[in-house]
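Chemist: Sequence:
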Amino acid sequence: MQLFERGTVTMFFDVKDFDVEQIRQIIYNKFKSKPKSEINFNMSHDYSMACFVDDLFFITDDHFVPRLIYQPLSLINACTISFDNSLAICQTANNHENNDDSGAFALIDVNHQKLIGKSKLVTGWKHLTHLFLDSEKKIFYCYYDGIQVGYDFNFNPINESQVALYNKKFGYKKAQNIKDSRPKWKKELDARNKARAGINEDTIKCDWLKNKTVEERKKYFRSEERWKLFESGVIKDDYDLEKLYKTIDTTDGVRKVFKTLNELKEEGIIMSEKSDVTAKVKNAILKAMDHLKSIN
Numbered sequence: 001m002q003l004f005e006r007g008t009v010t011m012f013f014d015v016k017d018f019d020v021e022q023i024r025q026i027i028y029n030k031f032k033s034k035p036k037s038e039i040n041f042n043m044s045h046d047y048s049m050a051c052f053v054d055d056l057f058f059i060t061d062d063h064f065v066p067r068l069i070y071q072p073l074s075l076i077n078a079c080t081i082s083f084d085n086s087l088a089i090c091q092t093a094n095n096h097e098n099n100d101d102s103g104a105f106a107l108i109d110v111n112h113q114k115l116i117g118k119s120k121l122v123t124g125w126k127h128l129t130h131l132f133l134d135s136e137k138k139i140f141y142c143y144y145d146g147i148q149v150g151y152d153f154n155f156n157p158i159n160e161s162q163v164a165l166y167n168k169k170f171g172y173k174k175a176q177n178i179k180d181s182r183p184k185w186k187k188e189l190d191a192r193n194k195a196r197a198g199i200n201e202d203t204i205k206c207d208w209l210k211n212k213t214v215e216e217r218k219k220y221f222r223s224e225e226r227w228k229l230f231e232s233g234v235i236k237d238d239y240d241l242e243k244l245y246k247t248i249d250t251t252d253g254v255r256k257v258f259k260t261l262n263e264l265k266e267e268g269i270i271m272s273e274k275s276d277v278t279a280k281v282k283n284a285i286l287k288a289m290d291h292l293k294s295i296n
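Residue numbers (my numbering): 1 to 296.
To be clear, the hints were calculated from the coordinates, so they are not data collected in a lab.
Any given hint could be a false lead.
[As the list claims (entries may be wrong)] The calculated DSS-like cross-link candidates involving lysine-lysine, where the alpha carbons are at most 30 Å apart (straight line), are:
no. : residue 1 : residue 2
1   : 126       : 228
2   : 120       : 168
3   : 218       : 228
4   : 114       : 126
5   : 259       : 218
6   : 219       : 246
7   : 256       : 120
8   : 210       : 246
9   : 118       : 168
10  : 118       : 236
11  : 126       : 259
12  : 168       : 126
13  : 256       : 210
14  : 246       : 259
15  : 118       : 246
16  : 36        : 118
17  : 265       : 228
18  : 243       : 168
19  : 36        : 126
[Claimed, not checked] What follows is a set of in silico ranges between Cβ atoms, one per label pair, in the way DEER data are often shown:
no. : residue 1 : residue 2 : range
20  : 114       : 208       : 36 to 46 Å
21  : 62        : 17        : 21 to 31 Å
22  : 120       : 37        : 16 to 26 Å
The structure displayed is predicted, hence computed values, not measured ones.
Virtual Cβ for every residue (Gly too), placed ideally from N, Cα, C.
Take the sequences, apply the hints, and build the full model.
Modeler: Given below as structure tokens:
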């Protein structure tokens, strides 16, 4: 979730304008609650760390004290830092404005605190499991569940065969080309049941759910935890709603199903009580931003 009102331009903040101890505590709390699958808190040879909290990117020392603060116009999904601590990558999620920061990879000059460049990649950010940045060779690698795809600093692939492997495994055609092997009567029965319930691929949207009763929504989400995400406003649009689903291959074809609660917790979508520091983080950031505004 967004921690404070986002600005209209991508920017670097001057660390001296912040209460450093507050920011350090925010980062440390995030470190303690970080989901296992999140590509965050990567370290260079001198123990500098690249890390993020929502839409704020940081370079810190090994005590979580920030020396660089960068804010793109989108939430951050992943980051890494080069071995020599000279460069970093900050990768963002899609946003509603579909601007330059939407689903983009930003290459950052750490020492001079400036952007070298940013761009979307042909392989995108979905399925990303790891990032590696080589400042000497001026390339970076994206890893997608075992598939390595390299890019130069102009964000062009260095080996098209790697892109082909990615497309073979994750291309959209894969799901589209799998035929529904169910008997005709099963397909018709399923269609009738969905029609009776007012459900089809186009109606499972946030607006559709908002027009249902509380009990109908509880029944749809099939768990108290998923239902609470919607009622509390964490799931606020169709993009957020899609995060609750995954596709699986079955004998009846490709099916769209809810992720398990454990999967949602590992991805940080559902937070356990012990690791839910969102409110504390929000308050601390708000205080830091108020301090910044007061001196400008």
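Chemist: Holds or violated: residue 118 with residue 246, Cα cutoff 30 Å?
Modeler: Holds: residue 118 and residue 246 sit about 29 Å apart, inside 30 Å.
Chemist: Given the hint that residue 243 pairs with residue 168, does the C-alpha gap stay at or below 30 Å?
Modeler: holds (23 Å)
Chemist: Measure nothing beyond the straight line between the CA atoms of residue 256 and residue 210; if it is 30 Å or shorter, mark the hint as holding.
Modeler: holds (21 Å)
Chemist: Is it true that residue 62 and residue 17 lie within 21 to 31 Å of each other by Cβ?
Modeler: For residue 17 against residue 62, whose Cβ atoms are near 23 Å apart, the range 21 to 31 Å holds.
Chemist: Take a quick look at whether residue 168 and residue 126 sit within 30 Å of each other, Cα to Cα.
Modeler: holds (14 Å)
Chemist: Verify the proposed pairing of residue 118 with residue 236, using a straight-line Cα cut of 30 Å.
Modeler: holds (28 Å)
Chemist: Determine whether the Cβ-Cβ distance between residue 114 and residue 208 falls within the hinted range of 36 to 46 Å.
Modeler: 45 Å Cβ-Cβ, so the 36 to 46 Å window holds.
Chemist: Is the Cα-Cα distance between residue 210 and residue 246 30 Å or less?
Modeler: Holds: residue 210 and residue 246 sit about 22 Å apart, inside 30 Å.
Chemist: Hinted pair, alpha-carbon criterion (30 Å max): residue 259, residue 218. Please report holds or violated.
Modeler: Roughly 16 Å separates the two Cα atoms, so the pair holds.
Chemist: Just to be careful, I want the Cα atoms of residue 36 and residue 126 compared with a cutoff of 30 Å; is the pair within it?
Modeler: This hinted pair holds, its Cα atoms lying about 17 Å apart.
Chemist: Do the alpha carbons of residue 120 and residue 168 lie within 30 Å of each other, as the hint requires?
Modeler: Within the cut-off at roughly 20 Å; holds.
Chemist: Straight-line Cα separation of residue 126 and residue 228 no greater than 30 Å?
Modeler: Since the Cα atoms of residue 126 and residue 228 sit roughly 25 Å apart, the hinted pair holds (cutoff 30 Å).
Comparing the model with each numbered hint stated earlier shows that all of them hold.
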